Amino acid sequence: MSNIGDWKQAADELDAIVASFDEGEVSVDDLFAKLERATEIIETLESRLDATRAKVEELTPRLTRVIDSE
Amino acid sequence: MELESTSEPEPVLEVGEFYQLMTAQLEAAFGRRHPHWVRGEIAKVYEKGHVYIDLVDAGSASSDTKRPVLNTHCWATQWAPIKRKLGEDAVALKPGMIVSFLGYVDVYAPQGKIGFTITQVDVQSLLGDVARRRQELIARLRGEGLLETNKRVELAAVPLRVGLVASPGTEGYNDFTGQLLNSRFGFEVTLVKTAVQGDTAPAQIVSAIEALDAHGVDIICLVRGGGSKGDLACFDDERVARAIARAQTPVFTGIGHTGDESIADLAAHTVAITPTKLGEEVVALVDNWYERRIRVPTQRILDATAEILEEATEYAAERRRTMIFAVRDRLRAEQRHLTTTRANLLTHSRHVLASAEQLLASKKQLLGAYDPKRRLAQGWSIVTDEGGRVVRRLSDVHVGAQVSVALSDGRIDATVTQMNGAG
Numbered sequence: 001m002s003n004i005g006d007w008k009q010a011a012d013e014l015d016a017i018v019a020s021f022d023e024g025e026v027s028v029d030d031l032f033a034k035l036e037r038a039t040e041i042i043e044t045l046e047s048r049l050d051a052t053r054a055k056v057e058e059l060t061p062r063l064t065r066v067i068d069s070e
Numbered sequence: 071m072e073l074e075s076t077s078e079p080e081p082v083l084e085v086g087e088f089y090q091l092m093t094a095q096l097e098a099a100f101g102r103r104h105p106h107w108v109r110g111e112i113a114k115v116y117e118k119g120h121v122y123i124d125l126v127d128a129g130s131a132s133s134d135t136k137r138p139v140l141n142t143h144c145w146a147t148q149w150a151p152i153k154r155k156l157g158e159d160a161v162a163l164k165p166g167m168i169v170s171f172l173g174y175v176d177v178y179a180p181q182g183k184i185g186f187t188i189t190q191v192d193v194q195s196l197l198g199d200v201a202r203r204r205q206e207l208i209a210r211l212r213g214e215g216l217l218e219t220n221k222r223v224e225l226a227a228v229p230l231r232v233g234l235v236a237s238p239g240t241e242g243y244n245d246f247t248g249q250l251l252n253s254r255f256g257f258e259v260t261l262v263k264t265a266v267q268g269d270t271a272p273a274q275i276v277s278a279i280e281a282l283d284a285h286g287v288d289i290i291c292l293v294r295g296g297g298s299k300g301d302l303a304c305f306d307d308e309r310v311a312r313a314i315a316r317a318q319t320p321v322f323t324g325i326g327h328t329g330d331e332s333i334a335d336l337a338a339h340t341v342a343i344t345p346t347k348l349g350e351e352v353v354a355l356v357d358n359w360y361e362r363r364i365r366v367p368t369q370r371i372l373d374a375t376a377e378i379l380e381e382a383t384e385y386a387a388e389r390r391r392t393m394i395f396a397v398r399d400r401l402r403a404e405q406r407h408l409t410t411t412r413a414n415l416l417t418h419s420r421h422v423l424a425s426a427e428q429l430l431a432s433k434k435q436l437l438g439a440y441d442p443k444r445r446l447a448q449g450w451s452i453v454t455d456e457g458g459r460v461v462r463r464l465s466d467v468h469v470g471a472q473v474s475v476a477l478s479d480g481r482i483d484a485t486v487t488q489m490n491g492a493g
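Residue numbers (the working numbering), protein chains in the order written: chain G, 1 to 70; chain V, 71 to 493.
Just so you know, the hints here were simulated from the structure itself, not pulled from any lab data. Note that the coordinates shown come from a computational prediction; the quantities given were computed from them, not determined experimentally. The C-beta atom is built at its ideal place from N, Cα and C for all residues, glycine as well. Do not take every clue at face value.
From chain G, some residues computed to sit far from chain V (all C-beta separations above 10 Å) [what the hints assert, rightly or not]:
#1 Asn-3
#2 Gly-5
#3 Glu-46
A short, non-exhaustive set of chain G residues, derived as facing chain V with CB atoms under 10 Å [what the hints assert, rightly or not]:
#4 Ile-4
#5 Leu-31
#6 Ile-41
#7 Leu-49
#8 Arg-53
Across the chosen pairs, the derived CB separations fall in these ranges [stated by the list, open to error]:
#9 Asp-30(G) to Glu-361(V): 52 to 58 Å
#10 Gly-286(V) to Leu-63(G): 30 to 36 Å
#11 Val-56(G) to Glu-241(V): 46 to 52 Å
#12 Asp-22(G) to Ser-425(V): 39 to 45 Å
#13 Glu-361(V) to Val-56(G): 19 to 25 Å
#14 Gly-286(V) to Val-56(G): 37 to 43 Å
#15 Glu-380(V) to Asp-22(G): 43 to 49 Å
#16 Val-259(V) to Glu-46(G): 51 to 57 Å
#17 Asp-30(G) to Ser-425(V): 21 to 27 Å
#18 Ile-364(V) to Ser-47(G): 31 to 37 Å
#19 Gln-435(V) to Asp-30(G): 51 to 57 Å
Isolated chain V (complex conformation) (with noise of 0.2 Å):
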């Protein structure tokens, strides 16, 4: 039975035509590839030369079935700068992520899909994400004091043993070792090549650390030259901030350019602000070692023995000058005693000579008074026995003695007849 109709009866439309008039409808409703701005959380991201990425609602359950999910898509030719400028500064899409795109509806009919065509990316709401996670990071590794716990690894006095987390090749690694190998110092590096960019770099990273914090290096330096936010990304990673806090060697960053501060710079023992101020530091390290203890010291050496030898010198050239002066001295004070006693010995001669003189006239005078000649003179006689020895007294000769009596003019021989004393 058919059932009648009052009104003209829809046409019966093709796929094709349904799709046209799906997407007429649609481009009616939201214009012609008309730009709106839709928010959401992202739930699946694909990447294949184009990107297809699945918004739900922010906050809603992925176990919930019934949640509305937007097909977007970016075509490779769109995808690729706003990639790059993505990658620029430290970006990925991933899921659980907050975004906004910029695009418009479109219909697929091949694939009986209504979706969703990216033109843009809002990168300011994504930064601002970004950031306030790195932040959140920071404070996290802060709240631990795992910012602060190379900084007090204590650091050799000559680090030569250099410990270098690198690419080989790139421009930092080559800044960086062409700085120590232009120095004077022989320092032994001890390079873990790692990817220093990208997403396995972090870790290799952290595993180039950790071997060479085994190995037994006087510092580990995490060198990187400049590249966009997103190059860097990796010296931002948790698990980088933590090997460079566990690790026991300090740690040292050369990363990036001026103005690049990443969270391994926070964590990182010493801070380079590029590669080769890095290089420029160890170096430095070693040269104010060596001119510490080596160059100063040398010098030192180099003056006190000059000065000993000058000093030593003199003392010779004047004990030799001094001696020859005291003998000289010695001998003409022997001179002058000589002379001086030769003439103080002819005055005392003198002296005593007329003294012995003087003495002898007296004496001769005084001798005179007691001449026995004056006494004959005077009328006394000597008379002597026959030995001529004078006799004093009647008991010096005796009866019938021969004896001599001297008179002032001549003798008188006589004999002795009689004696008689005094009295």
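Chain G extracted, bound-state conformation (with noise of 0.2 Å):
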């Protein structure tokens, strides 16, 4: 995976891009640079997301019998 930073700094990232299409500053030299560079960014998010959802699933039964215990 490439280096993406963290979280924020991804977003920041692809919201830049985003934001670069929505004003119209990207050139056609530059679309395929920068689609190929966000689909990188938000599959790694998507990716860590995953990952976190994985390990908050795995932990979530064992904070329930916290909030269940009587």
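From the two separate chains plus the hints, produce the assembled complex.
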């Protein structure tokens, strides 16, 4: 996985790419590179999300036991 | 010498006869077993099955060897219910107490004693005295601030280390510990066994409080199930109240039934009306902390985690959609731009071509005006030298030079023979 920094750094970069599209700053020459980078960031974020979700699902029952203990 | 007697001589009585006569006289004076109330101060108490109490006038000095003493006694069969009643009301007969006894005069010949057999004890007056002394003790403790001292001791946030002053196996002990055992928390109970009634109880309770205070526990619980006032009297003991006040550990009490309030309760940090309630309150303290510091934050963490994951998932999905649309839009825009540009180029090219054609025609027309053939047709001629260069002035040729003169219909080749300047 390429270096995209932490979640916030990655999200900031992704937002900047989206903003450049919104503002029409992307040239056709840059378009593929930007799309490729955005895809890479999104896939990395989703991969991290999946991993985090799996860990959360592993821990949730343990925390739920704390809540349900009477 | 014998004295002459003028009256009937008094009979000489045997000892037994004397006691019979005296008993008869006493019964004549007081009535046989006729009850009388006698009030006095207890000088001495001795109990061994039967109870023997010496009464003196209240306030009389013990050094007064002539002060009257009434030897009273109460036979075991009568003493048992009286003692039980006194015990229920937390009254123990002790020297110095002012008491009223109902009873009758009797003579006990074998020991040569005139005595008083007790049939009733005025409990109400004794209760009044006990209550007065209790109130005096409370006022004294309050005056010294001792009823508030332990209440100011800071309570541990999670009182799991419980010092227990109780008598194992009693109902109160089982009720209290049952609450802790049935809770979901791991209470660490340090028990100091004590009597919880009787004369030895106060000193044992004091020692237990001091030992647990030194041992280091979060709270000290005094536990005793229900009982008569007499059973619970040890918790009205001044020594116990002072030990509670001295303790650096919060002292909790769960003593007796609803409505029982001992002086220990007044001095304690926290009071529960029964051992069961005390157990519930201790568990509730930990439970409240658990709820506030563990369960609620855990729920918040779970909620926040779900929210963060949801937001992040939505963010990633939204960005994915946005990128797809943004790229598609961008490509469409570029496509539109190219299409427009192509159209513009066509239009522009045509326009340029038209302009060029127009310009070319104009130039062509203009050039036509300068066409040498037209000039030659008008009668003009063009002289060129041997190199084909147009001769414009005399200096371009010299005498003898070969020149060619172009005319509208042909050419004249000539030789320069003479040059004459204009003017």
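Going through the hints against the structure:
At roughly 18 Å, the least C-beta separation between Asn-3(G) and chain V is larger than 10 Å, which holds for a residue marked as non-interface. Separation of Gly-5(G) from chain V is adequate, the least Cβ-Cβ distance of about 15 Å exceeding the 10 Å criterion. Its closest Cβ contact with chain V, about 5 Å, brings Glu-46(G) to no more than 10 Å, contrary to its assignment away from the interface. Restraint check, Ile-4(G) versus chain V: the minimum CB separation of about 12 Å is more than 10 Å; hint violated.
The closest approach between the C-beta of Leu-31(G) and any C-beta of chain V is roughly 6 Å, which is under the 10 Å cut-off, so the hint is satisfied. The restraint placing Ile-41(G) at the interface with chain V holds, with a minimum CB-CB distance near 8 Å, inside the 10 Å limit. Because the smallest distance between the Cβ of Leu-49(G) and any Cβ of chain V comes to about 5 Å, under 10 Å, the interface hint for this residue holds. A cut of 10 Å between beta carbons decides the hint on Arg-53(G): the least distance to chain V is about 6 Å, and the hint holds.
Judged by the Cβ atoms, the range 52 to 58 Å given for Asp-30(G) and Glu-361(V) holds: they are separated by roughly 56 Å. Our hint of 30 to 36 Å for Gly-286(V) and Leu-63(G) holds, since their Cβ atoms are close to 33 Å apart. Taken as a hint, the range 46 to 52 Å holds for the pair Val-56(G) and Glu-241(V), whose Cβ atoms sit roughly 49 Å apart. Between Asp-22(G) and Ser-425(V) the Cβ separation comes to about 41 Å, which falls inside the hinted range of 39 to 45 Å.
In this structure the hint that Glu-361(V) and Val-56(G) lie 19 to 25 Å apart at CB holds, the actual value being about 23 Å. Here the CB-CB span from Gly-286(V) to Val-56(G) is close to 41 Å, well matched to the stated 37 to 43 Å. Between Glu-380(V) and Asp-22(G) the Cβ separation comes to about 25 Å, which falls outside the hinted range of 43 to 49 Å. The hint said 51 to 57 Å for the Cβ distance between Val-259(V) and Glu-46(G), and at roughly 53 Å that hint holds.
Between Asp-30(G) and Ser-425(V) the beta carbon distance is about 37 Å. The supplied range of 21 to 27 Å is therefore violated. The beta-carbon spacing between Ile-364(V) and Ser-47(G), approximately 33 Å, falls within the hinted interval of 31 to 37 Å. As the Cβ distance of Gln-435(V) to Asp-30(G) is approximately 52 Å, the hint placing it in 51 to 57 Å holds.
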